[in-house]
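**Q** Taken in sequence, the protein lines are chains A and B.
Be aware that the first sequence starts at 1, since it is given in my numbering, and climbs by one per residue.
Be aware that the second sequence starts at 1, since it is given in my numbering, and climbs by one per residue.
Hints were generated in silico from the structure; no laboratory data involved.
Among the hints, a few may not be true.
[To be verified] Result set (EDC-like, lysine to aspartate or glutamate): computed pairs, CA atoms no more than 16 Å apart in a straight line:
hint, chain 1, residue 1, chain 2, residue 2
1, A, K16, B, D44
2, B, K33, A, D17
3, B, K172, B, E159
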Amino acid sequence: MDERLIAQSLQEQARKDIPEDMNLIPQVYERLGRGARTAARSRLSWAAVAILGMLAVSVVAFAASRLLQNLPRDPGLEGASEADLVTELNMTQNIEDVAVTLDYAYADSNRISLGYHFSGTSPLGTTYEVTNETLTDSEGRVFEGIFGGGGGGGSGGSEAPQVNTYNSAQYITWDVPIGEELSDELNLRFVIEMNRITTTRPDDAGTPQPVENTLIIESVEPLVYEFTVPFNPGQVVAPQQSVTANDLTLTLRNLVITPSMTRGTLCFDPQEVGDRYFPLISLTIDGESVALEPEQNFEPDEEGNGCHVLRIVYSLFDRPGEWILSIDRLASYLPVSTASGSNGTMQDYTIMGDAEYLARVRARLEPGLQEFGIELTESDGSLMFSFPAADALDLRAINLLIADATRESMPGPWVFRFNVPPA
Amino acid sequence: MDERQAALAHAIARLRRGDMGGLESLMEAYQVKAVRTAYLITRDRAAAEDIVQSAFVRVYERIHQFNPDRPFEPYFLRIVINDAVKAASRSQRVVSIDAEVGESDVTLAELLPDPTPDPADEAERLEIQRAVWEAMEKLTPKQRAVAVLRYALGYSEAEIAQSLTLPAGTIKWRLHAARQRLHGLLSPLWNESVEGKG
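Isolated chain A (complex conformation) (with noise of 0.2 Å):
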């Protein structure tokens, strides 16, 4: 796929269809003159979705129960499991020698997850790949995935390998709309659409021909995967509280807390700092803290104004007392990108951005880093450092250093505290 292509064409076609002499001027106008109580029209409804990449895939920290064991997974998921709440399917179906099972299939009001793997192998020259992934059921309803992850790979060993070999997870998550209504079990449909891509080696023909000429790429009969699972509803507690800090008013609404998730509606006065900032959070249950990270999943809400949807990957059902969930603060991100790799012996960072914020970047980061012993410097517009891959570092305290040095933040806290009954 010719990358350029496509944004060739999106922006040939908005200049033709968008023209430049194009003026809303007088219609802003317009509206501003009605006055702004109606000029400001009602705020669009938009689906809720929220993702954690970070919490995707290779959480370790948590036990692996049986059914999930070597799957990709995130903590809420697996809390769910060790429940002994996610059903297992083991559905295959083939593609010539590569099978394709579905492994497990999970549902509450906060969230569907499947999870899959590939396995099997394929001639030489012959691969497949992934196109789209589907989950409808049987009232009509389409899910939009949220987030997901996988691991694994292909041919391995220290011998040219004679066939591709298949040994990949993947794992998926769809949102549950808030205040969907769904029955106590699911009848679903996930498709999966794959393409086929069949590339032939000159010496396959006899004959040496243009790399371009060798490659085939087409579409495979889609598998599809028809099942029923459990739907747990979890419960509902509205704490209905507002704290204000900083001149900040959050209110925090209803809580829907799943065995695999804990969804809560967060919303801000003045509405527009909600749309620059993200909450770092913390949680206490009868006086426990709970281990959680603190950057968790957080969106716009359906609903709009100024309010957004918090989702804790984390299973946290069941777990009656009084809950204080804390906003510690609110993040932002500096508008720096980073990089990190290792060549097997040096663990490298890069990290890209304007001049005025990598200042910041690196005020805030070489302190930081001076404690490892690590020594940050700045070329090319960029800032560096590496280690060796070996040392015995907390990767985990270092990518800590430069989230903490790549977001600005508002101190609070917003500290909320109600009781959760018994489930």
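With chain A held as given, fit chain B onto it using these hints.
**A** Okay, now just chain B, sitting in the frame of chain A:
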């Protein structure tokens, strides 16, 4: 601060004083880019214009909540993009997964640009646009928004995350899903083009 930035800062300062001329300057600077962005997400010019008008009204009403030390464009485009995604979500219709892009007999090989311009090139170029336009329709509104930011506006993943104030993982996932979908929809044509060129 360059001349353009200085002019924008001046426009914002005027608007904060209640001077409508400041809003007019901001509209002149951003309305075309904003409407094009909203249009590529909503695929509806009237809706795109409505969204951008409302966004300017909101800017007027809430300019005091805007931090003038921060760049205006990301702040404004974020309002526009979020509302465009919402509008597209409301009007989203189910698209058959069996539908393929460019179901005509024209292959991408025939559509690829040729260094020698001739009347046929224009038709080919439009056919490519049509194929990409149809493929974009099959993305979800949120995937489409990140694809528009990436391809039409040339934003990096970090800039998209910054612009939408979303975790980088969210952007990576959406962009991955959008690329995967576009690749699946356009690669058969691409494949035909490769064969045709051979």
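**Q** Each of the hints needs a verdict: does it hold here or not?
**A** Comparing the hints with the structure gives:
For a cut-off of 16 Å, the pair hint linking A/K16 to B/D44 stands: about 13 Å separates their Cα positions. A distance of roughly 12 Å separates the Cα atoms of B/K33 and A/D17; the hinted pair therefore holds under the 16 Å criterion. For the proposed pair B/K172 and B/E159, the alpha carbon gap of about 12 Å is at most 16 Å, so the pair holds.
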